[in-house]
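J.: Residue strings, one per chain:
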Amino acid sequence: MAQSVKRVVVWVEPGTWEACVSAAADLVPGDFEAQVLLLYVPDDSEDLLRDARAGLWGRGRPVQPVAAPEDPELLADAEALLRDLARDVTITTQLGSGPVERVVTGASENADYLVVGRQGDLTRRGPTSLGKHTRFVIDHAQCRVVIVWPQPAPSAATIPPLPPDDPRR
Amino acid sequence: MLAISGLFLILVLAFAVIRPRGLPEAVAAVPAAIVVVVIGALSGHEALAEISRLLPVVLFLAAILVVGDLCEAAGVFRWAGELIGRGSGGSGKRLLLLVFVAASIVTAVLSLDATVVLLTPVVLATARTLRVPAKPHMYASAHLANSASLLLPVSNLTNLLALRASGVSFVRFALLMLLPWLVVIGIEYGVLRWRFGSELTLRGRPVTSTSTRLPLLPAIVVGAMLVGFVVASSVGIQAAWVAGAAALVLAVRALVRKEVSLRSLGGSLNIPFIAFVLGLGIVVMAVVQGGLGTFLGHLAPTGNGLVSLLLWALLAAVLANLVNNLPAVLLVLPLAAAAGPLAVLAVLIGVNVGPNLTYVGSLATLLWRRIASDHDHEVSIGEFTVLGLLTTPACLVAGVTALWVVGTVVLGGT
Chain A
0 MAQSVKRVVV WVEPGTWEAC VSAAADLVPG DFEAQVLLLY VPDDSEDLLR
50 DARAGLWGRG RPVQPVAAPE DPELLADAEA LLRDLARDVT ITTQLGSGPV
100 ERVVTGASEN ADYLVVGRQG DLTRRGPTSL GKHTRFVIDH AQCRVVIVWP
150 QPAPSAATIP PLPPDDPRR
Chain B
0 MLAISGLFLI LVLAFAVIRP RGLPEAVAAV PAAIVVVVIG ALSGHEALAE
50 ISRLLPVVLF LAAILVVGDL CEAAGVFRWA GELIGRGSGG SGKRLLLLVF
100 VAASIVTAVL SLDATVVLLT PVVLATARTL RVPAKPHMYA SAHLANSASL
150 LLPVSNLTNL LALRASGVSF VRFALLMLLP WLVVIGIEYG VLRWRFGSEL
200 TLRGRPVTST STRLPLLPAI VVGAMLVGFV VASSVGIQAA WVAGAAALVL
250 AVRALVRKEV SLRSLGGSLN IPFIAFVLGL GIVVMAVVQG GLGTFLGHLA
300 PTGNGLVSLL LWALLAAVLA NLVNNLPAVL LVLPLAAAAG PLAVLAVLIG
350 VNVGPNLTYV GSLATLLWRR IASDHDHEVS IGEFTVLGLL TTPACLVAGV
400 TALWVVGTVV LGGT
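Residue numbers (numbering that gives the first Met the number 0), protein chains in the order written: chain A, 0 to 168; chain B, 0 to 413.
Keep in mind the hints are simulated off the structure, nothing from the lab.
Given the structure is predicted, the values throughout are model-derived calculations rather than measurements.
Note that CB positions come from ideal geometry on N, CA and C, so glycine has one too.
Any given hint might turn out to be false.
[Unchecked claim] Heads up, simulated DSSO-like pairs for lysine-lysine below, C-alpha to C-alpha not over 30 Å straight-line:
no. : chain 1 : residue 1 : chain 2 : residue 2
1   : B       : 134       : A       : 131
2   : B       : 257       : A       : 131
3   : A       : 5         : A       : 131
4   : B       : 92        : B       : 134
[As the list claims (entries may be wrong)] Label-pair distances were calculated between CB atoms; the ranges are:
no. : chain 1 : residue 1 : chain 2 : residue 2 : range
5   : A       : 84        : B       : 263       : 43 to 51 Å
6   : B       : 229       : A       : 75        : 45 to 53 Å
7   : B       : 209       : A       : 123       : 30 to 38 Å
8   : B       : 54        : A       : 128       : 53 to 61 Å
9   : A       : 96        : B       : 51        : 49 to 57 Å
10  : B       : 21        : A       : 154       : 53 to 61 Å
[Said to hold, decoys possible] Facing chain A, according to a computed beta carbon distance under 8 Å, are these residues of chain B, among others:
no. : residue
11  : 15
12  : 44
13  : 45
14  : 96
15  : 119
16  : 130
17  : 196
18  : 323
19  : 360
Please model the entire structure based on the sequences and the hints provided.
T.: Written as structure tokens, this is what we have:
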């Protein structure tokens, strides 16, 4: 019986993309037919840039869009890394726009896995581990979600002990 | 008469907020200024006096903006971006520190315009090259454009407007504002480090390549300009001449090297901006003399104690947040000037730091943008406002307290 093609969506973000791409490669070992979508949705830093100028009255400078040449480069880097780790999979890249949490949720519809980076303090285990948008995606995604430490997780000793008044102690 | 000139002021401010068809703000301000003089709300003599008071100030800023633009054309900002990118070694925390240093220096020396328009895009590009989240660094740059504009008279148009009213020299201004400047930057740094703690722990890739070298002549000219400000102030020459000379040297260099065209140089000089400030100044003066000054006088604190200084800063910050810091400083300045130099400097802390409270500098602009655009800005407004609430009140109180300490204890009753 022919297995259906495995589909993995990777949410590519600055800082976490390498770990997420390598996790995606682990999910499709030697799978020739697997399809991996690398999705990057830039944040609203450009809006911030434009709006900061609104306070400069009278300066009359044209509000030109800021070139963001590095954006597609992030996707190109992610693609190159995945190509290295999982030679035979079909890779597609997507530069998304719009509300990031909804774009990611939508793109992962009917996928087998969605790979997202863990957020929060990387020096200890514990909350907060998910940002607002990641929280939304996990709450609303239809597929299995894989959460990845961006770098090797700190030791279990960083988990706080049971409180002294906990009855199970 | 107050009602008529008040109406014209509201029209001028509304036009500046809405910017119909992207027309320059001067399109409303200049006719309004002519009208208030024609109807006699302000005598021609007073209007001319106001122009001769404002003109050197605006020319000074215009020259500084040209210097900033020419530094950009020469590659100074590209060089700075590569320097902080390389210095960060791919660490978000170190990048933030370097962005703080760069934004504080650029704002202080080349004015907040240079930080907003020239440095912040470079910061964004640098964060993206390093593959680290850009947000914390963008907020740092946007915030410091306001809060790091306390140090020198040239750092902010509001400072230039207040310099003469304060009656202090260029050097004394810097001495009084040095501690408030450092304290405010320190608070911003602490809050951003704490607020974006998790984003900043993410590591990017270090960059080692350097293609840009510091353009030598622009760096020397800017350094010489700073020394020139100090010298000019001590021998009684208008600092605008120094900035103008620096702009001229850089303009000749850029034209010879074909880095800019004569036309874009004219755009940098920005005549409509000069006309706008002059027009706004005249309309505001008509309103103040028509009776608003007396009204605000009732609100104005008395004395030079810490509490009065805090109240001055609060009044200025509230006005700046309602409309914009430019009309705010023009309105409050005549009153504060009567209360002494420390009151004027407290007002400057209010109008310079205050705008960080609202996303785009003032409630009026914020509301207008909410009406005019669709709602895809909601997320950043929430984020920016939280950051503003965390930093602005603390910066105001600590900055004014530092000013009070320097002004009364260290320098002893300026």
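J.: Indicate, hint by hint, whether the structure satisfies it.
T.: Results for each hint:
1. The straight-line distance between the Cα atoms of residue 134/B and residue 131/A is roughly 14 Å, inside the 30 Å bound, and the hint therefore holds.
2. Between residue 257/B and residue 131/A, the direct Cα distance comes to roughly 48 Å. Violation of the 30 Å bound is thereby established for this hinted pair.
3. Restraint check: the Cα-Cα separation between residue 5/A and residue 131/A comes to about 28 Å, which is no more than 30 Å; the hinted pair holds.
4. Taking the CA atoms of residue 92/B and residue 134/B, the gap is about 13 Å. The hint holds against a cut of 30 Å.
5. The supplied range of 43 to 51 Å is met by residue 84/A and residue 263/B, whose beta-carbon atoms lie about 48 Å from each other.
6. Distance hint check for residue 229/B and residue 75/A: the Cβ-Cβ separation is about 50 Å, which falls inside the suggested range of 45 to 53 Å.
7. Separated by about 36 Å at the C-beta atoms, residue 209/B and residue 123/A satisfy the suggested range of 30 to 38 Å.
8. In this structure the supplied range 53 to 61 Å holds for residue 54/B paired with residue 128/A, their Cβ-Cβ distance being about 58 Å.
9. Checked against the hint of 49 to 57 Å, the C-beta distance between residue 96/A and residue 51/B comes to roughly 51 Å, which is consistent with it.
10. Between residue 21/B and residue 154/A the CB atoms are about 57 Å apart, so this pair conforms to the stated range of 53 to 61 Å.
11. Proximity of residue 15/B to chain A holds as hinted, the smallest CB-CB distance being about 5 Å (cut-off 8 Å).
12. This hint is violated: residue 44/B has a C-beta 25 Å from the nearest C-beta of chain A, more than the 8 Å allowed.
13. With 8 Å as the threshold, the beta carbon of residue 45/B stays out of range of chain A, its nearest partner Cβ sitting at about 22 Å, so the hint is violated.
14. For residue 96/B, the suggested interface contact is broken, since its CB lies about 17 Å from the closest CB of chain A, more than 8 Å.
15. Against a cut-off of 8 Å between C-beta atoms, the interface hint on residue 119/B holds, since the closest Cβ of chain A lies about 6 Å away.
16. Interface restraint check for residue 130/B: the shortest CB-CB distance to chain A comes to about 5 Å, inside 8 Å, so the restraint holds.
17. Hint on residue 196/B holds. Least Cβ distance to chain A is approximately 7 Å, under the 8 Å limit.
18. The beta carbon of residue 323/B comes within 5 Å of a beta carbon in chain A, closer than 8 Å, and the hint placing it at the interface holds.
19. Using the Cβ-Cβ criterion of 8 Å, the hint placing residue 360/B at the interface with chain A is satisfied: the shortest such distance is roughly 3 Å.
Taken one by one, the earlier hints fail for this structure at numbers 2, 12, 13 and 14, listed in ascending order.
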